[in-house]
Each structure stands twice: as structure tokens, then as C-alpha cells.
Amino acid sequence: MRVLALSLATASVIAAPVMVSAQSTQRACVQAQADAEHDVNGLLWMAAGFFFGLLGVGAAYVIEPTPPAMKLMGKSSEYVAVYTDCYKRAGRDIQVKKAITGCVVAGLLEVSAYACCCLLNVGALGAAAQ
Amino acid sequence: MMLLLANLPDTLWVSGSFVKDGPDGSVAGYFYMHPGERTVLNVVRPIHQIMIFRPDTLIIYYPDEKRLFYIRSNHTLFSGGIQSSQIGDKNLKRMGFMFVGDERKGDTTVKVYKHPDTKIKVVLLTLSGKVVGFRTYDPNGSEVVRVDFEGVREIYRGFNFPSKVVIRMKGESKTETETFTYYSVRVLPSSSVPDYARSFKPPKDARITYKGWD
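Chains as they are written, first to last, in my numbering: chain X, 1 to 130; chain U, 1 to 214.
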């Protein structure tokens, strides 16, 4: 019983800083995601996807958003490492998602315009045949 | 922000100490600015950290751990003094903003500029020819950023510097306020600026991480 208690006490002493560190880095990632959502111009990337199609989607994937320097001031090195990675990942995900949405909307519009043309042609041919 | 900045002769730097208060708590340290070129912050509280702002890179160095980050970044910091309203006006026009009108509100002159393409509106507040604040509005007319310069004084010929900058950024759900308070601001010759601020050379045994070049 004493061994178990001692083991638990030792584990808590060792684990406590690890848990604090894990919480801090988790907080960095959550904060980075929130900041990326706030900073990334979704409308711009949607327009890029709409007007430039796959090129716009490619650009959204390649161009990395830059993390705001002010958010890194006074933060630990672990926080900076996690924050910058999470910010870039989250920012890029938003950019790509928005660009794909724009691309799909443009595609759907094209398809529906094409379908309308086809229907009109079929209708015209049907009328001519009668 | 860069539109409102003035420059010093090449051989001079601006230095002082600062305290930044924001939603994340308080950060304090010293700053060295070579306006328009580089800004160096030596953060001493809550952690020892040196931040070097260059036009395309943000360098963050932790002397205690000898850990170094090179982060690709195009962010600029408030890196200069504040111009007179005439120069601010000229620069805004050069950026495509059109002067819409002005009015007096008490002792403050309010000048309104609008960008014909982006529809962004900038309102410049001037007092005795010095810019004491500005507001930016999105195309829908909602205020996005509100910056107030307090205690603006001339520290070199035509080069003004505030003792306090209050920045309020309005988001969709909340408004964040950050306050920079500056102390003992003075102009220094290059020779009085520490080596790490003038030309930072990382120690050979520093652990370097590149972010944005991968």
C-alpha cells in the first residue's frame, strides 16, 4: 500500500509539469486556430477558387499565412513552436476550404449553364421536329 | 500604420523601455528602432526573449535556452515616430486614398479619407498638426481598428513619439485592446546601440528552427 501511495506521489510530482506544459501547448494551438480563423480572408480565397479554379486552390495550399508577431511576444519557445505550426496549418486549411468552395460553386454554375443550354437546344430541336 | 511613420537620419536609433498590456497579460522590455529598417525588442518579463523584426523575417531568440526561430513574416511593427498631419495626408493620397473632408471637434481636427476601390475609410485625428489617432472602417462602415497615440512629443527634429499607444481591434465576437506604454524614449547614435540590436549574430551552438521555409 505504501509503495502504491509513494508511486502515485512520485508520478504526480513528475507528471504535474508535463501536464502544465501539455495544457500550455494545447492552449497555443487553440489560440492559433482562433486567430487564423479571424485573420484569414475567406472571401478572398473563395474568389480565388471561383475565378481561377484549381489554380486558386493550388495557391491556397502553397501560400502560407504568417502568424501575427504580437501574439508571440512574451511567450515561451514551446508556445512559439506550437503556435506557428498550428496557425499555418489552420490558416492553410481555411484558405483551401474556401478556395474549393469557390471552385465548386463556379463548377456548379458552369454545369447548370451547360445543362440549361442543352435543355434549350433539345427543346428547340423537339419543336423543329414537330 | 506605416503611412503615419516618419524617418530619422540613418545614423540614429530610437530606444526606450515598454510595457505591453493585453488580453494575454503584461509583457515588458526594451526596444531599439532603426525606423523603416529594423525593430528589436528585448523582452525581459515574463520570459527573456529577443525579437528582431526585419522586412521579411521575424527572428525570435531565447538566450537562456539558446533557441532561435526564423519565422517568415511580412508583419511590420509600429516602427517609427509619428508624422505631421501634412505628411500623413500626402502618404494616404499616394496610397490611393481620397480626401473626403474635415471638421473640427473641439481642439481636434478630424480628416476623412476613402479608398475608391476598396471602400475602406480612414479617419485621421490631429491636434496642433500632430497625428493623435486614427480609425479604419470596413466597406460596411463598421469600425475595425481604433488607434490612439497619447502624450505625443517631439524627440528629434520633426520626429514625434507617443508615450502611450492604445490599439483596439474589433472582431466578429469581441474587441481586443492592447496598450503599449513607452518610458525613457530617446534618440541614440548607432554606436550606443547594443551589438545584438544592430547586427544579430546567433551563437554557434544555438538550436535553430526555421518556420515558413519548409
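In short, the hints are calculated from the structure, not lab data. Incorrect hints may appear among the rest.
[As the list claims (entries may be wrong)] Below, simulated DSSO-like cross-link-like pairs (lysine-lysine); rule was C-alpha separation at most 30 Å, straight line:
| hint | chain 1 | residue 1 | chain 2 | residue 2 |
| --- | --- | --- | --- | --- |
| 1 | X | Lys71 | U | Lys204 |
| 2 | X | Lys71 | U | Lys119 |
| 3 | X | Lys97 | U | Lys164 |
| 4 | X | Lys71 | U | Lys201 |
| 5 | U | Lys105 | X | Lys71 |
| 6 | X | Lys71 | U | Lys121 |
| 7 | U | Lys66 | X | Lys97 |
| 8 | X | Lys71 | U | Lys164 |
| 9 | U | Lys105 | U | Lys93 |
[Claimed, not checked] Label-pair restraints from in silico Cβ distances:
| hint | chain 1 | residue 1 | chain 2 | residue 2 | range |
| --- | --- | --- | --- | --- | --- |
| 10 | X | Asp93 | U | Ser173 | 28 to 34 Å |
| 11 | U | Asp205 | X | Leu55 | 41 to 47 Å |
| 12 | X | Leu55 | U | Val100 | 35 to 41 Å |
From the three backbone atoms N, C-alpha and C, an ideal C-beta is built for every residue, glycine too.
Each hint, compared with the structure:
Taken as a hint, the Lys71 of chain X and Lys204 of chain U pair is honoured in the structure, with Cα atoms around 28 Å apart against an allowance of 30 Å. Of the pairs offered as hints, the one joining Lys71 of chain X and Lys119 of chain U holds, with about 29 Å between alpha carbons and a cut-off of 30 Å not exceeded. Note on Lys97 of chain X and Lys164 of chain U: the hinted pairing is violated, with a Cα-Cα distance of about 40 Å set against a maximum of 30 Å. A C-alpha spacing of about 24 Å is found between Lys71 of chain X and Lys201 of chain U, which places the hinted pair at or below 30 Å, so the restraint holds.
Between Lys105 of chain U and Lys71 of chain X the CA atoms are separated by roughly 35 Å; this puts the pair beyond 30 Å, and the hint is violated. A hinted pair counts as satisfied when its Cα atoms are at most 30 Å apart, and Lys71 of chain X with Lys121 of chain U qualifies at roughly 26 Å. Pair hint Lys66 of chain U plus Lys97 of chain X does not hold up; C-alpha atoms about 38 Å apart against a cutoff of 30 Å. Taken as a hint, the Lys71 of chain X and Lys164 of chain U pair is honoured in the structure, with Cα atoms around 19 Å apart against an allowance of 30 Å.
The straight-line distance between the Cα atoms of Lys105 of chain U and Lys93 of chain U is roughly 23 Å, inside the 30 Å bound, and the hint therefore holds. The given range of 28 to 34 Å is broken by Asp93 of chain X and Ser173 of chain U, whose C-beta atoms sit roughly 20 Å from each other. Remark: the range hint 41 to 47 Å for Asp205 of chain U to Leu55 of chain X is upheld by a beta-carbon distance near 44 Å. Remark: the range hint 35 to 41 Å for Leu55 of chain X to Val100 of chain U is upheld by a beta-carbon distance near 38 Å.
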